[in-house]
Amino acid sequence: YQYFLSDPTFFAAIGNSLKLVFAVLAISIIGGTLLALLLDQAIVGRNIVRLMIIAPFFVMPTVSALVWKNMFMHPVSGLFAWLMKSVGLQPIDWFAQAPLTAVIIMVAWQWLPFATLILLTAIQSLDEEQKEAAEMDGTPPLSYFYYIVLPHLARPITVVILIETIFLLNVFAEIYVTGTGGPAGNLPYLVYFQGLLNFDVGGASAGGIVAVVLANIVAFFLIRMIGRNLEG
1 YQYFLSDPTF FAAIGNSLKL VFAVLAISII GGTLLALLLD QAIVGRNIVR
51 LMIIAPFFVM PTVSALVWKN MFMHPVSGLF AWLMKSVGLQ PIDWFAQAPL
101 TAVIIMVAWQ WLPFATLILL TAIQSLDEEQ KEAAEMDGTP PLSYFYYIVL
151 PHLARPITVV ILIETIFLLN VFAEIYVTGT GGPAGNLPYL VYFQGLLNFD
201 VGGASAGGIV AVVLANIVAF FLIRMIGRNL EG
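Throughout the sequence shown, residue numbering follows this note's numbering, covering 1 to 232 in sequence.
Note that these hints are calculated values from the structure, not bench results. Possibly wrong hints are sitting among the right ones.
Label pairs and their calculated CB-CB ranges [as the list claims (entries may be wrong)]:
id	residue 1	residue 2	range
1	Leu37	Pro75	29 to 39 Å
2	Pro151	Ser86	37 to 47 Å
3	Met225	Thr139	27 to 37 Å
Glycine is no exception: its CB is placed at the ideal position from the N, C-alpha and C atoms.
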């Protein structure tokens with residue numbers, strides 16, 4: 001434990017884990033709210049759009065990572081490289097120049113549909129009388145969102161934060177498949193690296209215990225937060 005907790009790699013892994021969690025949560029909540037508001041409108045092909053947006057949530061993390069690595073973020077033949085070349089920019093080698101950002105994008109793509117689905121369900125459960133009263137009063141859209149929709153989304157957002165945080169602390173497949181374990185390695189990847197690559201079973205076991213303790217601490221505070229929200 002002393003060696004593991006004094007290793008700079010451990011603190012780098014903790015930092016990467018926290019950056020990943022906060023970034024994906026921000027994208028999920030903000031993007032999920034915007035998509036939920038869009039999907040609540042009467043648009044052409046709404047059911048097809050809903051299916052397309054929700055579909056990534058059911059893709060296996062390993063498959064998702066391979067698709068992003070080879071089809072979207074490949075520095076030579078990827079979609080992003082082609083788009084940047086088409087506007088005269090130099091393509092980015094995502095997994096060499098911005099590995100953590102690449103992992104955040106992949107994981108956010110997987111978890112954005114979950115947040116969208118939860119928040120869309122909450123928006124659709126709004127009281128129709130409130131909607132009609134707001135329309136009759138001529139309430140501006142921003143005021144309607146801020147004073148009616150947003151307070152109604154407080155509890156669903158806390159649920160999204162709780163569930164996604166627990167899973168985001170255990171992200172591994174995307175980092176392993178894309179080979180970004182060095183600069184973008186989080187705590188689960190560090191445990192894997194110590195145990196199966198460095199053959200340091202003791203260090204890996206200590207890291208696993210530390211990961212479990214940290215996850216339980218985070219879960220404890222999140223459960224308290226969601227409990228206060230539900231009581232309110």
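Each hint tested on the structure:
Leucine 37 and proline 75 have their C-beta atoms about 35 Å apart, which keeps the hinted 29 to 39 Å range intact. The supplied range of 37 to 47 Å is met by proline 151 and serine 86, whose beta-carbon atoms lie about 44 Å from each other. Here the CB-CB span from methionine 225 to threonine 139 is close to 30 Å, well matched to the stated 27 to 37 Å.
No hint from the list above goes unmet by this structure.
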